[in-house]
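> Line by line, the protein sequences are chains A and B. Counted the way my numbering counts, the first sequence spans residues 1 to 310. Counted the way my numbering counts, the second sequence spans residues 311 to 594.
Careful, some of the hints might be misleading.
Listed below are the simulated DSBU-like cross-link pairs for lysine-lysine, each with C-alpha atoms no more than 35 Å apart in a straight line [said to hold, decoys possible]:
hint, chain 1, residue 1, chain 2, residue 2
1, A, Lys84, B, Lys444
2, A, Lys78, A, Lys175
3, B, Lys321, A, Lys21
4, A, Lys84, A, Lys302
5, A, Lys78, A, Lys63
6, B, Lys321, A, Lys222
7, A, Lys302, B, Lys375
8, A, Lys222, B, Lys580
9, A, Lys78, A, Lys302
10, B, Lys321, A, Lys63
11, B, Lys444, A, Lys175
12, A, Lys219, B, Lys580
13, A, Lys175, B, Lys551
14, B, Lys444, B, Lys375
15, B, Lys551, B, Lys375
16, A, Lys222, A, Lys120
17, B, Lys375, B, Lys540
18, B, Lys510, B, Lys321
19, A, Lys63, B, Lys444
20, B, Lys444, A, Lys78
21, A, Lys120, A, Lys219
22, B, Lys321, A, Lys219
23, B, Lys444, B, Lys540
24, B, Lys321, A, Lys120
25, A, Lys175, A, Lys84
26, A, Lys120, B, Lys510
27, B, Lys540, B, Lys551
28, A, Lys21, B, Lys444
29, B, Lys551, A, Lys84
30, A, Lys222, A, Lys302
31, A, Lys120, B, Lys580
32, A, Lys120, A, Lys175
Using C-beta positions, here's what the derived DEER-type ranges look like [said to hold, decoys possible]:
hint, chain 1, residue 1, chain 2, residue 2, range
33, A, Thr217, B, Ala396, 36 to 44 Å
34, A, Leu65, B, Val380, 19 to 27 Å
35, B, Ser481, A, Thr62, 47 to 55 Å
36, B, Asn421, A, Glu70, 33 to 41 Å
37, B, Ile343, A, Leu65, 33 to 41 Å
38, B, Phe392, A, Cys102, 36 to 44 Å
39, B, Val380, A, Thr62, 36 to 44 Å
40, A, Thr217, B, Tyr320, 14 to 22 Å
Hint data in this document are derived by calculation from the structure and do not stem from the laboratory. A quick note: this is a predicted structure, and the numbers were derived from the prediction, not measured. Even glycine gets a Cβ: it sits at the ideal position worked out from N, Cα and C.
Next come the chains, spelled out residue by residue.
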Amino acid sequence: MQKNGEALSLHQKRKSLFNLKQREALTGWLFVSPALIGFCIFTFGSILYSLYLSFTEWDLLTKPLFVGFENYISIFTKDQYFYKYFGNTFFFVFTLVPIVLCTSLFLAVLINKKSGRFSKAYRVALFLPSITSTVAVSMVWLWIFNPDIGLLNNFLIAVGWNDPPMWLSSPVWSKPALVIMRVWQMSGYYMILFLAGLQTIPESLYEAADVDGASRTQKFFKITLPMLSNTTFVVIILLVIEAFNMFESIFVMTEGGPLGSTSTIMYYIYEKGFWNYEMGYASALAWIFFLLILTATLVQYKFRNEQGGE
Amino acid sequence: MDKTKISGRYKITRIFYHLFMLLLSAIMIYPFIWSIFSSFKSRTQLYSESSLNILPQPFTLENYKRLFEVLPFGRFIINSVFLSLAIPLTMIAVASLTAYALTRLRFKGRNLLFLLFIATMMVPSHVILIPNYKIIVDMNLYNSYLALFLTNMFTASNAFNIFFFRQFFLSIPADLENAAIIDGCSRIGVFFRIVLPNAKPAVATTAILSFRSIWNAFLWPMLVINDYDKLTLTVGLNYLKETDPNWAVLLAGASLSIVPIMIVFLVFQKYFMSSGLNSGFGGK
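Working from the sequences, and respecting the hints, build out all of it.
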């Protein structure tokens, strides 16, 4: 009799346990459903839709016309701008990534482990450019770069450079000008990331090196850099993506000019899509660009794995 | 004797260090200061005098007056403030709830779901730009703020918030929640009464990051919002450049957009810095 009762309660327990598990799963799905539905429309759906559009010819008003690989073929074979803009994009990536990497690391080392009012103020000052909007900051820099009455050339003339560059009006100097502005804007942010990395390095390593009589440079190359390798990896990945995605500064400061010298793939996608209304073509460009960034990131991961990192 | 020598050298390096840091800080801040000062210069001074002279002579509010005449900048400020507060709120509501389910509730496929959300951060925003534009037009949301709300809640930047909240939830013990469940509290009750109040640091960080990105957002709001009355400050600034390319007025507009975010930054400095520290998520 008693045994029977025990079995019953065990059965009930199992049943309620099963229900509990089921209920938890149900609650789980219920909680994620708003995000899931939204992402299915505005992100996952959009990505697939964009892939489909890249195989069509479409002006937004009429129905998309399926054209197979035609967009991709003409981008690679007929488009006279694509390779030039491709080159510009890579110019920005290959200049911005190493320069910002070095400056931000340099800044981080400079203000690391310094306390007191001053270094707090330095930190704030160095970080400030990275929080303000690129559009507003670009307006200011547009004026700084003004060849005749701008701040920079006024300064350069004052220190004796009589024939300073035309900056944004010159096809030669427009790219360096944008790089200068972006380095100024981005460095503070990555500095903060490096600072976080620096704080994880145990002080005892440096103390041991001091005992062994290591110099500052030795300590930097033998301790700091190797200990920072994880942070550096993250910074490079983020920097590469950000450099590839450069858009707003170009939009405000140069509109891709002069003579297409600052137009990037990102800007080209916008131009094709929202100026020429060649949505299919723009989507194909976007996908080529997407695959490019994906490859760049995967290559970095692979490289990292071969180096034996985490 | 030896000691004073060393401390003397130490002093000199310290002075050099501070001089160098001051110079660097000046380079970083000067464009802002200069823009704010120049926005009070008269047009003639700005165009004829050397820009190296930073002081406005005479001091004039003419540029700001003109700014508010040309475009409804007062309205833009209100819009920007409203959107930069309201959109992050909805983003955080969605992100925290989703992250909570993905961390604490056991169900099949939750890891896959999490990976899916995270993977969207790899997709460049231009890939989904055109389809989303079409979707918004088809949903009759063109020119409506709902377009901004929806896309911010359900694209990569909120995927980052989901990631961030999940990391946070993983770092705090579930004991309190379990105790509440045993006491008969419902999951949703646990979420609102225990989890969210305890997640204040994560809320602060995501709120500030989202605030910054909404305040500075440009391309998407420019594409889907058309009425002057509904524009944000950042987008309005670009329209200003097209309607009145007078530099004195443009600098006033730029300063007007920079100063509020600067104040928010100075007040919430600690959170901004730690948001950078914890996240690794840059602007554009």
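> Against the structure shown, which of the earlier numbered hints fail to hold, in ascending order?
The structure breaks hints 3, 7, 10, 14, 18, 28, 33, 34 and 37; every other hint is satisfied.
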